[in-house]
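K.L.:
Here's the letter readout for the chains.
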Amino acid sequence: MAKITFITSDNEKIELEATSGSVMQLAVDNGVQGIDGDCGGVCSCATCHVHVLPEHVSKTGTASEIEQDMLELDDNVSEYSRLCCQLDVSDALDGVVLQVAK
Amino acid sequence: MSANKTCVVIGASHGGVNFGTALRKEGWEGKIILIDKDPEIPYHRPPLSKAYLTSPLGIEAYQLKSKESYVKDSIQLKLGVSVNSIDKEKQELTLSDGSVQSYDILVMATGARPIIPPIKGIKTATNLYPLRTAKDVENIQTALLNASTKDVVVIGGGYIGLETAASLKKMGAEVTVLEREERILARVTAPEMSTFFEELHSSNNVSVLTTKNVVAIETENGINTVVCADGTSYKASVIVVGVGILVNTELASSIGLTLENGIKVDETAKTSNATIYAIGDCSYHFNPHYNRYIRLESVQNAVDQAKVAAAAICGKKTVYNTIPWFWSDQYNVKLQMVGLSQGYNQVLMRKEEDLKFSIWYFKDETLLAVDAVNNAKAYVVGTKFIKENATIDKEKLVDTSVVFKPAELLKS
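Residue numbers (my numbering), protein chains in the order written: chain H, 1 to 102; chain L, 1001 to 1412.
Chain L on its own, in the form it takes in the complex:
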């Protein structure tokens, strides 16, 4: 039935690539075309700020799928090309190479791009990069290699900034992280976690400074001076900016799709236009477990929405219903997170060792989320309680003499 049809995907990262594979698996017989302005064979993004930054290997070592697997699944890649415009009546895209591509089904996996804040002097700063693509990483590696000093300033103390700081330290840089808020990771974790990560970086000789609002960057002879509102300043040969993202919604907006903190989609990832779907970082979607619309920047969400959209397009009714999960690697710490902590009114800690513990976010008796440090068990136990909406015995939870198994921790 779909043999003569064409499904075009804008964006070939985790969402787009997994969508292509899933669509074929669901039985789509027509063409599948993935378009991305990034010229590289699609790659894993999470390692960019972690293993890949410190690795001598090329980006091919981190590819999502082998070249052969696209051939095997008859998935056509159009890389290094961007979409200039969409004609929703004709169902056609105009691409940056001048060609026109028609579609029967369009999937927007357009993702997001880093914010470059309007700081005075930021455009003339030397060796200043965001970190979102393989090219960004290459730029940072080259800049550090050729810089006259190894001083690096990271603007922004979120996960990207902190992971990048840890990786650059490993590469021999002297790193200072400047965070505007009073604590790092302020938007996403409890104060206990912020303190833990500040101390972790400090013990690895990375300077993490908070309440540092960068107001100007002055550049002279290849050296930047990063100036903060409190009058302090920091020298840097290389600057990495990690202050958040902007969702790529321009194309969606140009054809009048409903936007609301992203491209609004239903439980099958369909937009307000019946022939257009949106998946991954760019989608504003309903999460049944938390009973609200959310937008997520994560691999999990991209992959799970890809599968739901592929099933829906092939006429199978699968509804998006997953518990979000994330991870971060810094130095010898593996942080695994499950759930969404927003709205918590109590935080409990279960601590096995200094470098092995977990933070549990509750709203009254309901477990919302868990942050697990070097503690996969806590991550797994937390996942099970959240999924099953089971009530946890808080006294037993924080008592490490109680066996760490769901059955032992159930509130009777």
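Next up, chain H with everything else stripped away, as it sits in the complex:
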């Protein structure tokens, strides 16, 4: 079981718990504003962009090459950016805080 916190662009804090699946699917299923996941999680649309809290990067790891390239679609990219369809829910993510990109 991992607790995952989303902070939306309206500063709404949404705390969710899950055991499996992708972080994007978790967000979509719970209506987290700003996470669309239009392509269904195959790293093709860049509509699930989040910024990982800097101190939590050790939980998520860093983006793959294709993910980094796709993130460039968004002007608001930072070194803490991830496409959360590429983050699998696991115990390692427990406690992570993700700021939904604007």
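Hints may contain errors.
Cβ-to-Cβ under 10 Å is the rule here; a few derived chain L residues that face chain H [as the list claims (entries may be wrong)]:
| # | residue |
| --- | --- |
| 1 | Leu1064 |
| 2 | Ser1102 |
| 3 | Asp1104 |
| 4 | Gln1300 |
| 5 | Trp1325 |
| 6 | Gln1336 |
| 7 | Thr1383 |
Some chain H residues near chain L, calculated using beta-carbon distances under 10 Å [stated by the list, open to error]:
| # | residue |
| --- | --- |
| 8 | Gly31 |
| 9 | Cys45 |
| 10 | Leu53 |
| 11 | Glu55 |
| 12 | Val57 |
| 13 | Thr62 |
| 14 | Glu65 |
| 15 | Ile66 |
| 16 | Asp69 |
| 17 | Glu79 |
| 18 | Tyr80 |
| 19 | Asp91 |
| 20 | Leu93 |
Under the rule of at most 27 Å between Cα atoms (straight-line distance), these lysine-lysine pairs were calculated in the DSSO-like manner [to be verified]:
| # | chain 1 | residue 1 | chain 2 | residue 2 |
| --- | --- | --- | --- | --- |
| 21 | L | Lys1005 | H | Lys102 |
| 22 | L | Lys1088 | H | Lys102 |
| 23 | L | Lys1270 | L | Lys1031 |
| 24 | L | Lys1270 | H | Lys13 |
None of these hints come from the bench; they were simulated from the model. By construction, the Cβ of each residue, glycine as well, lies at the ideal position given by its N, Cα and C atoms.
Based on the hints, put chain L in the right spot on chain H.
P.N.:
Chain L only, in chain H's frame:
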């Protein structure tokens, strides 16, 4: 203001479902009802020919939204039900279960259906399926599992046919793709891409044959023989047909909506009837960037039109203005496409590696579209140039020693 109103959506796939969510987000307080003849909880369609076909998981693993999220947004699903008729004066629908559903706003997200071509013997062929729904995939999986041989013929070398071929190969089938044109993907890509995909399938031991016009299917003892106009024939226990789609416009036509290669809509997805909108594959809409009316079969278009229609219905003026994008996964190749290449007069290739390159379609100096193979960077750079109508330096583009960034490739 909308509290006592009802918005009914015909079709609960990418367009309909995203519309429902978007309408609620825009502040619609009335009822939202999604109707679809497919009995399954709405699911992602692109994986059907890709990951889902080869997956042991049920379609629930590919659902667009969780069951709970429809409850949370007060979106009512009427699944396994089709719309028999529309009374536009009374603003009522008659459904296949005999019930009558009234509406204040109607959204047609009716999509399209696969063409089953009038080939001699096609109706009596065994294990012959299109691929458009979860049920189709289930049928193909079961047929392959129970077939006496693993020989599969795919009729049609478009994206659906090729993705299906790759997936069926992975499942242990011996696959032959029969394409009527001289090259696969002829309508949608440059010859360079057709050649690449023919070689890709060939190297994965899938036989891709072109100029193969299927004229008859003969079936005996559960085995089909697919006969082509050139006299050749191919045995198949299972046949998958992927030769294109027909837009579902019958309901729209029955109430006199303006049709033109689909249901014609304005920049807010509104049809010729002020209370009726049309979104997704079924809509014939104006694309400002390419300055022409188009019809698109894509997730992107369905989702983006859904958002525009929802905003318009809630009194917000958002105009549809996006660059189309698509993707396809076959074997170890991820193809990402942006833009519409129709009307190109020059094709350039930037090649990093055999399995990592991109094809750039130009009309004179204007970049129209990019096909990127295992190259998200090319897809992203192309998207930026197309969106901004910026002029690219063609010499630098094809020179892989030049850093692959928009600023480096701008024509000075």
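K.L.:
Could you run down the list of hints and mark each one as holding or not?
P.N.:
These are the hints, each one checked on the structure:
1. Here the hint on L/Leu1064 is kept, as its CB sits about 8 Å from the closest CB of chain H, short of 10 Å.
2. Given the 10 Å rule on beta carbons, the hint for L/Ser1102 is violated: about 28 Å separates it from the nearest Cβ of chain H.
3. The beta carbon of L/Asp1104 is not positioned within 10 Å of any beta carbon in chain H (closest approach about 24 Å), and the interface hint is therefore violated.
4. Nearest Cβ of chain H to the Cβ of L/Gln1300: about 7 Å, under the 10 Å cut. The hint holds.
5. Contact between L/Trp1325 and chain H, as hinted, is supported at the beta carbon level, the nearest pair being about 8 Å apart and thus within 10 Å.
6. For L/Gln1336, the interface hint holds, since its Cβ comes within 10 Å of a Cβ in chain H; the closest pair sits about 6 Å apart.
7. Proximity of L/Thr1383 to chain H holds as hinted, the smallest CB-CB distance being about 6 Å (cut-off 10 Å).
8. Restraint check, H/Gly31 versus chain L: the minimum CB separation of about 6 Å is within 10 Å; hint holds.
9. Taking 10 Å as the C-beta cut-off, the interface hint given for H/Cys45 holds, the closest approach to chain L being about 8 Å.
10. For H/Leu53, the shortest C-beta to C-beta distance to chain L is roughly 25 Å, which exceeds 10 Å, and the interface hint is violated.
11. Checking H/Glu55 against chain L: minimum C-beta separation of about 28 Å lies over 10 Å; hint violated.
12. Checking H/Val57 against chain L: minimum C-beta separation of about 21 Å lies over 10 Å; hint violated.
13. Here the hint on H/Thr62 is broken, as its CB sits about 16 Å from the closest CB of chain L, past 10 Å.
14. Because the smallest distance between the Cβ of H/Glu65 and any Cβ of chain L comes to about 8 Å, under 10 Å, the interface hint for this residue holds.
15. Satisfaction of the interface hint for H/Ile66 is found here, the shortest Cβ-Cβ separation to chain L being roughly 5 Å, below the 10 Å cut-off.
16. Nearest Cβ of chain L to the Cβ of H/Asp69: about 4 Å, under the 10 Å cut. The hint holds.
17. For H/Glu79, the interface hint is violated, since its Cβ never comes within 10 Å of a Cβ in chain L; the closest pair sits about 17 Å apart.
18. The restraint placing H/Tyr80 at the interface with chain L is violated, with a minimum CB-CB distance near 19 Å, outside the 10 Å limit.
19. For the restraint placing H/Asp91 at the interface with chain L, the shortest Cβ-Cβ distance is roughly 21 Å, beyond the 10 Å limit, so the hint is violated.
20. Because the smallest distance between the Cβ of H/Leu93 and any Cβ of chain L comes to about 19 Å, over 10 Å, the interface hint for this residue is violated.
21. A C-alpha spacing of about 32 Å is found between L/Lys1005 and H/Lys102, which places the hinted pair above 27 Å, so the restraint is violated.
22. For the suggested pair L/Lys1088 and H/Lys102, the alpha carbons sit about 41 Å apart, so the restraint of at most 27 Å is broken.
23. For the suggested pair L/Lys1270 and L/Lys1031, the alpha carbons sit about 20 Å apart, so the restraint of at most 27 Å is met.
24. For the proposed pair L/Lys1270 and H/Lys13, the alpha carbon gap of about 36 Å is over 27 Å, so the pair is violated.
The earlier numbered hints that this structure contradicts are 2, 3, 10, 11, 12, 13, 17, 18, 19, 20, 21, 22 and 24.
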